[in-house]
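First to last, the sequence lines map onto chains D and P.
Each step along the first sequence adds one to the number in our numbering, with nothing skipped, and position 260 is 260.
Each step along the second sequence adds one to the number in our numbering, with nothing skipped, and position 453 is 453.
One thing to keep in mind: the hints can contain errors.
The list makes no distinction among identical chains, and a pair is therefore deemed to hold if it is satisfied within one copy or across any two copies.
No more than 27 Å apart at the CA atoms, straight line, and that leaves these computed lysine-lysine pairs for DSSO-like [stated by the list, open to error]:
1. 22 to 394
2. 424 to 456
3. 298 to 247
4. 47 to 428
5. 343 to 22
Simulated from the structure, these hints should not be mistaken for lab results.
Number of protein chains: 2
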Amino acid sequence: MVHLFFNPKTIAIIGATADPRKFGNAVTVNLLENENLQSEIFPINPKSDTILGLRSYPTVLDVEKNIDLAIVLVPSKVVPSVIDQCIEKQVNRIIIISAGFGEINEDGKRIEKEIAKKSKDVGIKIIGPNCVGIQNIDISMNASFVLTPIKGNVSMVTQSGSFGAACLYEMWWQGLGFSKFANLGNMIDVNLTDLLEYFIEDENTKVACIYLENVVDGRNFYNKLKQLTLKKPTVVLKGGRTAAGMKSASSHTGSIATDYKTLRAAVNQAGATLCENLMDYIAAIKAFSFLPLPSNKKIAFFTNSGGSAVLFSDHLEEFGLELVEFKEEFKEIIDPHLIPLVKKVNPLDMIAGATGEHFYHITKAMLENPEIGIVVPCAVIPTFLEMTQDEHYKAVIKAWNESGRKKPILPIFLSGNLLEPTKKIAEKEKAPLFLSPREAAFAAKVLVDRMMLIQK
Amino acid sequence: MVHLFFNPKTIAIIGATADPRKFGNAVTVNLLENENLQSEIFPINPKSDTILGLRSYPTVLDVEKNIDLAIVLVPSKVVPSVIDQCIEKQVNRIIIISAGFGEINEDGKRIEKEIAKKSKDVGIKIIGPNCVGIQNIDISMNASFVLTPIKGNVSMVTQSGSFGAACLYEMWWQGLGFSKFANLGNMIDVNLTDLLEYFIEDENTKVACIYLENVVDGRNFYNKLKQLTLKKPTVVLKGGRTAAGMKSASSHTGSIATDYKTLRAAVNQAGATLCENLMDYIAAIKAFSFLPLPSNKKIAFFTNSGGSAVLFSDHLEEFGLELVEFKEEFKEIIDPHLIPLVKKVNPLDMIAGATGEHFYHITKAMLENPEIGIVVPCAVIPTFLEMTQDEHYKAVIKAWNESGRKKPILPIFLSGNLLEPTKKIAEKEKAPLFLSPREAAFAAKVLVDRMMLIQK
Numbered sequence: 001m002v003h004l005f006f007n008p009k010t011i012a013i014i015g016a017t018a019d020p021r022k023f024g025n026a027v028t029v030n031l032l033e034n035e036n037l038q039s040e041i042f043p044i045n046p047k048s049d050t051i052l053g054l055r056s057y058p059t060v061l062d063v064e065k066n067i068d069l070a071i072v073l074v075p076s077k078v079v080p081s082v083i084d085q086c087i088e089k090q091v092n093r094i095i096i097i098s099a100g101f102g103e104i105n106e107d108g109k110r111i112e113k114e115i116a117k118k119s120k121d122v123g124i125k126i127i128g129p130n131c132v133g134i135q136n137i138d139i140s141m142n143a144s145f146v147l148t149p150i151k152g153n154v155s156m157v158t159q160s161g162s163f164g165a166a167c168l169y170e171m172w173w174q175g176l177g178f179s180k181f182a183n184l185g186n187m188i189d190v191n192l193t194d195l196l197e198y199f200i201e202d203e204n205t206k207v208a209c210i211y212l213e214n215v216v217d218g219r220n221f222y223n224k225l226k227q228l229t230l231k232k233p234t235v236v237l238k239g240g241r242t243a244a245g246m247k248s249a250s251s252h253t254g255s256i257a258t259d260y261k262t263l264r265a266a267v268n269q270a271g272a273t274l275c276e277n278l279m280d281y282i283a284a285i286k287a288f289s290f291l292p293l294p295s296n297k298k299i300a301f302f303t304n305s306g307g308s309a310v311l312f313s314d315h316l317e318e319f320g321l322e323l324v325e326f327k328e329e330f331k332e333i334i335d336p337h338l339i340p341l342v343k344k345v346n347p348l349d350m351i352a353g354a355t356g357e358h359f360y361h362i363t364k365a366m367l368e369n370p371e372i373g374i375v376v377p378c379a380v381i382p383t384f385l386e387m388t389q390d391e392h393y394k395a396v397i398k399a400w401n402e403s404g405r406k407k408p409i410l411p412i413f414l415s416g417n418l419l420e421p422t423k424k425i426a427e428k429e430k431a432p433l434f435l436s437p438r439e440a441a442f443a444a445k446v447l448v449d450r451m452m453l454i455q456k
Numbered sequence: 001m002v003h004l005f006f007n008p009k010t011i012a013i014i015g016a017t018a019d020p021r022k023f024g025n026a027v028t029v030n031l032l033e034n035e036n037l038q039s040e041i042f043p044i045n046p047k048s049d050t051i052l053g054l055r056s057y058p059t060v061l062d063v064e065k066n067i068d069l070a071i072v073l074v075p076s077k078v079v080p081s082v083i084d085q086c087i088e089k090q091v092n093r094i095i096i097i098s099a100g101f102g103e104i105n106e107d108g109k110r111i112e113k114e115i116a117k118k119s120k121d122v123g124i125k126i127i128g129p130n131c132v133g134i135q136n137i138d139i140s141m142n143a144s145f146v147l148t149p150i151k152g153n154v155s156m157v158t159q160s161g162s163f164g165a166a167c168l169y170e171m172w173w174q175g176l177g178f179s180k181f182a183n184l185g186n187m188i189d190v191n192l193t194d195l196l197e198y199f200i201e202d203e204n205t206k207v208a209c210i211y212l213e214n215v216v217d218g219r220n221f222y223n224k225l226k227q228l229t230l231k232k233p234t235v236v237l238k239g240g241r242t243a244a245g246m247k248s249a250s251s252h253t254g255s256i257a258t259d260y261k262t263l264r265a266a267v268n269q270a271g272a273t274l275c276e277n278l279m280d281y282i283a284a285i286k287a288f289s290f291l292p293l294p295s296n297k298k299i300a301f302f303t304n305s306g307g308s309a310v311l312f313s314d315h316l317e318e319f320g321l322e323l324v325e326f327k328e329e330f331k332e333i334i335d336p337h338l339i340p341l342v343k344k345v346n347p348l349d350m351i352a353g354a355t356g357e358h359f360y361h362i363t364k365a366m367l368e369n370p371e372i373g374i375v376v377p378c379a380v381i382p383t384f385l386e387m388t389q390d391e392h393y394k395a396v397i398k399a400w401n402e403s404g405r406k407k408p409i410l411p412i413f414l415s416g417n418l419l420e421p422t423k424k425i426a427e428k429e430k431a432p433l434f435l436s437p438r439e440a441a442f443a444a445k446v447l448v449d450r451m452m453l454i455q456k
């Protein structure tokens, strides 16, 4: 049902324009600048003959071919008549990006209902209104006015377009790529559950993530969420968890926000990963996108920074997880690769002089030890003893690559303005990078939670 | 007592070397490369005549001048004899950077005690052993083997050197500058309380921050912390809050970590800001370093991103704070500066089309409204309608500068890989930048907490 939105052969942009001060321009540019997109684009604008080098049509009715997807960007008062034309043209799918409907007043809600009914009667599905659009990065389609992210295995459905964009840019910065992106706006037709259904079947979606404020069809949503979660890790962030947040959410979407207690129970019951802030949300998505699940929940941590070992131990215990105790055989294995002063305990403080070479051997030994489920290397990037700023991360990833990436690693690199060389390696290697002890401990928790769900 | 450590006229580096594979080199380079440092430097190394262009002395006894500060970097087994020479030379202060003492075994603890006793008998104060050193950025003195941060108003004392370095680099990335930095290592003499005493008097320290694992003199620590907090905002992070963390801390410093419940009660009672993770710690330091205190606790939030408004509202309520309700007069003031669709409520969702110009006028109006104590501008950086990527932040800071920076603002900019231009402005303007709704809400909480402490 939703599939065709993401895979249209023909796209009409109603409200396309060469004027860069309009959203109709941003969407047109985004669709045209991705040269790999195979879909045929038809700009619709009665005031132009050509737009950005393409022939422009006065109305969608003037296009000779069938239209799979019409994207509507005209002012709200013109939208109803444009929808009538789309119905007459028998377009298959419509995305209404234009705002100024149910989110502003009762009159807007009334118009939304009329549009929804008319379209439903003829079997046309609608996303929107009041949204930023959708993207299918697999086929290089950016049918939105936000930037095209990098390609990857994460698919997101969000009730806030700009917050979705913020996640997209943040994930880009962290080397995380997208498969599908959908902002649903006021949801007069296609809703969150429809997208969950799509993500269940979509092969390129390995990790699903949701930002939501209100759920309209509780039972159905829960059932699909459960199905999706059993198949793929699913990360959920709910806006409007408090009275103040719910009030703000109602003002945002024009709907009554869903009660958090109910939603939390449903998400937990379905086995999805529930987050309560942006940082946790990104950390969970990052863990699932980059890493395999562990085969056991015992964690081994090593570092060149004793304080970070202490903080990580604290966060781990708070999340109900434990560091494994090293056996004598393992101590013998790591002994030749440690500076003499180092105590062979977990967390393993390899002290400030530890080099990339030390990190390589310890990572390798921990990856090879079947009693360790998750390996957590942690470094404060050194600026002394001739060490280079990326050697520790490089060494960790080398050992991980050689092991076939079968065990999850959560490399924590604490270094603010010195991080850039390490970040470059992470991008190139498509490997994860965690930025604080708490972030990595949270990632360990979500991986273990999912391992236990799958084992049940 | 501590003052002379940070303001020595003469410094001997015992274990100075031209060999870049040694810590003694890193410290020597750090001291020499800051050209503004007025202190005279004396490298001590029996195997060299000159080191990095300076005359080198076989022992500290061979230096003609009095030595205010001796920095010891020789292997641990040589340290006792070097201390004897320092005593004979009557140096004033000693920093022992060398590791391999109480943190590794009982023998190390015994040697520590001997050194401490001998020095105490002749009135020499010691920092360390097992530390990265200290810095006084005001006089361009970096007596440590970690990098020199930017100059500012934050002073830090830390029990973990590498974690202190991690904070230093993270704060650098966030445009936050240092006045004093001290890592105390095993604290055989100078302890946390001594540093708090120094921060109370030190004029350039506007914000004090502490990372600690164990407190040796509870009552005295509490009294000094209370005095310091009444004078200056003080931010505390405790490593070893859980059983696992405490175990790890004992392994780290060789001492028994302080119980968290007791410490938390003391810190709260003293009125200091207690944080439980790195991100909160940096957020609190950032708020106090960049911002004045509010005159009331009512908060106003505006944004181009509805979802971010919802999340901020949630976090604010969780921290016990509230958004102010806009009065009719205020709605009239802001009305001409809003896109017609915008609802004039707090949080104010100015929708995606809001420009820098809109942000400027709303910031200005909120700064001028005495019923608003803290202004929170929030943007997802737009990539459409010809907006530039830094215009929103620029506009906010322009209004803040024009108002004389008398009211705190907490600008949240959500944009990952698009953040760079905004970050550059923040650095240039020495203005704060918050990276998530939760971070800004936490910053609001610590400012309000301190406002209430001061008003009491």
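Verification of the hints:
Taking the shortest alpha-carbon separations for residue 22 and residue 394, only the inter-copy value of 23 Å comes in at or below 27 Å, while the best intra-copy value is 45 Å. Taking the shortest alpha-carbon separations for residue 424 and residue 456, neither the intra-copy value of 39 Å nor the inter-copy value of 50 Å comes in at or below 27 Å. When the C-alpha separation of residue 298 and residue 247 is checked against a cutoff of 27 Å, the pair qualifies only between copies, where the shortest distance is 17 Å, while the shortest distance within a copy is 42 Å. Proximity of residue 47 to residue 428 under the C-alpha cut-off of 27 Å is found in neither arrangement, the shortest distances being 46 Å within a copy and 45 Å between copies.
Proximity of residue 343 to residue 22 under the C-alpha cut-off of 27 Å is restricted to the inter-copy arrangement: shortest distance 22 Å between copies versus 63 Å within a copy.
Violation of the numbered hints given earlier is confined to hints 2 and 4; the remaining hints are satisfied by the structure.
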